[in-house]
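Chains A and F, in that order, are what the protein sequence lines are. Quick note: the first sequence uses my numbering, first residue 1, plus one each step. Quick note: the second sequence uses my numbering, first residue 1001, plus one each step.
Quick caveat, the hints were computed from the structure, so don't treat them as lab data. You may find that some hints are simply not true.
Said to hold, decoys possible - Covered by chain A, per the in silico footprint, the following chain F stretches (three or more residues, Cβ under 8 Å):
| # | region |
| --- | --- |
| 1 | 1067-1077 |
| 2 | 1133-1144 |
| 3 | 1244-1258 |
| 4 | 1282-1292 |
Claimed, not checked - Here are the computed distance ranges between Cβ atoms for each label pair:
| # | chain 1 | residue 1 | chain 2 | residue 2 | range |
| --- | --- | --- | --- | --- | --- |
| 5 | F | ASN1162 | A | LYS174 | 32 to 40 Å |
| 6 | F | TYR1341 | A | THR66 | 46 to 54 Å |
| 7 | A | ARG65 | F | SER1176 | 48 to 56 Å |
| 8 | F | PHE1185 | A | TYR14 | 45 to 53 Å |
| 9 | A | TYR14 | F | TYR1341 | 53 to 61 Å |
| 10 | A | ASN36 | F | TYR1341 | 37 to 45 Å |
| 11 | F | ALA1045 | A | GLU115 | 56 to 64 Å |
| 12 | A | ASP13 | F | GLY1122 | 48 to 56 Å |
| 13 | F | GLY1122 | A | HIS132 | 31 to 39 Å |
Said to hold, decoys possible - Sample of chain A residues lacking proximity to chain F, with all beta carbon distances greater than 12 Å (derived):
| # | residue |
| --- | --- |
| 14 | THR90 |
| 15 | GLU93 |
| 16 | ALA114 |
| 17 | ALA153 |
| 18 | VAL171 |
| 19 | TYR204 |
Idealized CB from N, CA, C, for every residue including glycine.
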Amino acid sequence: MLSVSNLTVRFGDYTVVDGVSFSVSPGEWLMIVGPNGAGKSSVISAISQAVPYTGTVAFGGRDIRTMKAKDVAKCFGVLTQRYAVGYSFTVEEVVRLGRYAYSGGFFRRGEEDAERHVDDALRLTGLEALRHQSVLTLSGGELQRTFLAQVLAQDPPLLILDEPTNHLDLVYQKQIFELISRWVREGERAVVSVVHDLSLARKYGTTALLMHKGRLVAHGPVDDIISSEHINPVYSMDVRAWMVDLLSQWREGDEA
Amino acid sequence: MKKRAERFKLYEYGIFAAVTAVTVIVCVCLGSVSVPVSETVSAIAGAVRGLFTGVAPPETTNASVIVAVRLPRVLAVALTGASLSLCGAAVQGLLRNPLADASNLGVSSGAAVGAVLSIAFGFSIPGLFQAGTMMSAMVFAFLSLVLILGLSYRLDYSLSTNTIILIGLIYTMFASSVTSLVVTFAGSKVQSIVFWMMGSLSGAKYRDVVVLAVSLAVFGAVIFRYARELNAFAIGEDNARNVGVNVERVKYAVLIAVSALVGVCVSIGGSIGFVGLVMPHAARMIVGPNHRRLLPAVTFSGAVFLMLADLVARTVLSPRELPIGVVTSFVGAFGFVLIFYQTRKGR
Chain A
1 MLSVSNLTVR FGDYTVVDGV SFSVSPGEWL MIVGPNGAGK SSVISAISQA
51 VPYTGTVAFG GRDIRTMKAK DVAKCFGVLT QRYAVGYSFT VEEVVRLGRY
101 AYSGGFFRRG EEDAERHVDD ALRLTGLEAL RHQSVLTLSG GELQRTFLAQ
151 VLAQDPPLLI LDEPTNHLDL VYQKQIFELI SRWVREGERA VVSVVHDLSL
201 ARKYGTTALL MHKGRLVAHG PVDDIISSEH INPVYSMDVR AWMVDLLSQW
251 REGDEA
Chain F
1001 MKKRAERFKL YEYGIFAAVT AVTVIVCVCL GSVSVPVSET VSAIAGAVRG
1051 LFTGVAPPET TNASVIVAVR LPRVLAVALT GASLSLCGAA VQGLLRNPLA
1101 DASNLGVSSG AAVGAVLSIA FGFSIPGLFQ AGTMMSAMVF AFLSLVLILG
1151 LSYRLDYSLS TNTIILIGLI YTMFASSVTS LVVTFAGSKV QSIVFWMMGS
1201 LSGAKYRDVV VLAVSLAVFG AVIFRYAREL NAFAIGEDNA RNVGVNVERV
1251 KYAVLIAVSA LVGVCVSIGG SIGFVGLVMP HAARMIVGPN HRRLLPAVTF
1301 SGAVFLMLAD LVARTVLSPR ELPIGVVTSF VGAFGFVLIF YQTRKGR
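Could you build the full structure based on these sequences and the hints that come with them?
Printed below as a string of structure tokens:
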């Protein structure tokens, strides 16, 4: 499905991603993990063509730099953590933009299908009641769900997520991950996501890619990669012991 | 909030067009000498009929004033208002910045440098009245845009909107200093340059109307073509790219269309401020931010606003006439503050 080979991203003289290669197959949820400054978000930016890079990003065997922007949008949808809408578009207007890649040029063909996809996306994300509401009035979680609905309306076989639940409370976090988990199980679909929370990565991911200082450290099944053997040297701490300690603190509080 | 239609409907075009037409008639009727509506309509109808039949309508003083003086002026004002407002809406959507305007980009200032140079040094094209100023303004608007985009690209590969606005602001200051320098050495041309800089369409002729109409039809069509893409940009450039918009191509096409339209308007009417900044906000309050509805609405409302501003400019201190730029800036500044407060309160 997605094949990334020898991906390198430089900002001036500084190399933020250094020769990273991996591929993603249908049914896979690849979690890209690593400490701050590892280059995780830059990998996502390069795949979504938002920053210049060297190397190859291919979808279905085709280099995406040779594809039209609309065709790329049909291959994968991108959900980032940075949304700040300045105008009072309604939720429905934002979600409908997800169908842009399927609109047919000047005469705007293919719009009949758009309504069904928009309705489905709003229903899946629980936004039907808010469809005519201004996005300026939404909470952070509702806004993030709006953009998730836009990506779902785009109906791509691959979702690329850059910390999709950052800044969201646990309720929204769970809702969004469960929703994406159901989505990836339907049909020939896959997800690539950057996450900081290693527990979330282990719970929902099928494979993981561990990065450190722009380089790929390990890549494989999620349980193998997110293990003390790989994680502790990269984070320079005993991650499991810290997680267990946190959980035990919470249990003691709960019992009290 | 009620469901908003995705597009501007036919009846809405009808309403906006009717309001614009009524404003044209009112503005042609009123002036230092007021002419009854029936006589105005009859004079305009006679002139239009004469165009097709070749038979000259009966000449009266009022008919001459209306057909030869007021109508071309009002039409030129309407087309300038429509063009500048359309450019403002396009730039505000493209740069996702409600405070953006063609003047922020440096395009207006660039066009002004071209026009001022032309007036100061008497550039002209033989046989074509004012064509030198117009060409010079358009060329400088284009060159300014190329310079701004070139510098932005050198700083920021992705041509992010923030970089363009920053370079545009710096360029605006630079262009203003060049204009002041030219004025310093303009000698006897200073008065005409200063009057032009305040903006005036008092001497507009039918040839100006034709140029403005053609440029609005051609370059306005480019902007209308990208209405849906402007929606995506108004939500965010990254979002536009993610949904499949060819962001670089759309950005170049819209900015070139804006610079051409602004160049034509500036060369004919001078620098008329606030129209491109305020009217998109006013139109957004009526039809919402969706550019498929906003662009037609702002085109009509920009025309109406500038016609009314011009009416005030030529009647409020009659027989003395104010530069139209003074009225638009005065009304626009208050209007903008009002809109800004209402928008903030409405959040």
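Structure-based check of all given hints:
no. : hint                              : in the structure
1   : 1067-1077                         : violated (count 0)
2   : 1133-1144                         : violated (count 0)
3   : 1244-1258                         : holds (count 4)
4   : 1282-1292                         : holds (count 4)
5   : F:ASN1162 to A:LYS174: 32 to 40 Å : holds, 35 Å
6   : F:TYR1341 to A:THR66: 46 to 54 Å  : holds, 50 Å
7   : A:ARG65 to F:SER1176: 48 to 56 Å  : violated, 41 Å
8   : F:PHE1185 to A:TYR14: 45 to 53 Å  : holds, 48 Å
9   : A:TYR14 to F:TYR1341: 53 to 61 Å  : violated, 44 Å
10  : A:ASN36 to F:TYR1341: 37 to 45 Å  : holds, 41 Å
11  : F:ALA1045 to A:GLU115: 56 to 64 Å : violated, 46 Å
12  : A:ASP13 to F:GLY1122: 48 to 56 Å  : holds, 52 Å
13  : F:GLY1122 to A:HIS132: 31 to 39 Å : violated, 59 Å
14  : THR90                             : violated, 6 Å
15  : GLU93                             : violated, 6 Å
16  : ALA114                            : violated, 10 Å
17  : ALA153                            : violated, 9 Å
18  : VAL171                            : holds, 25 Å
19  : TYR204                            : holds, 22 Å
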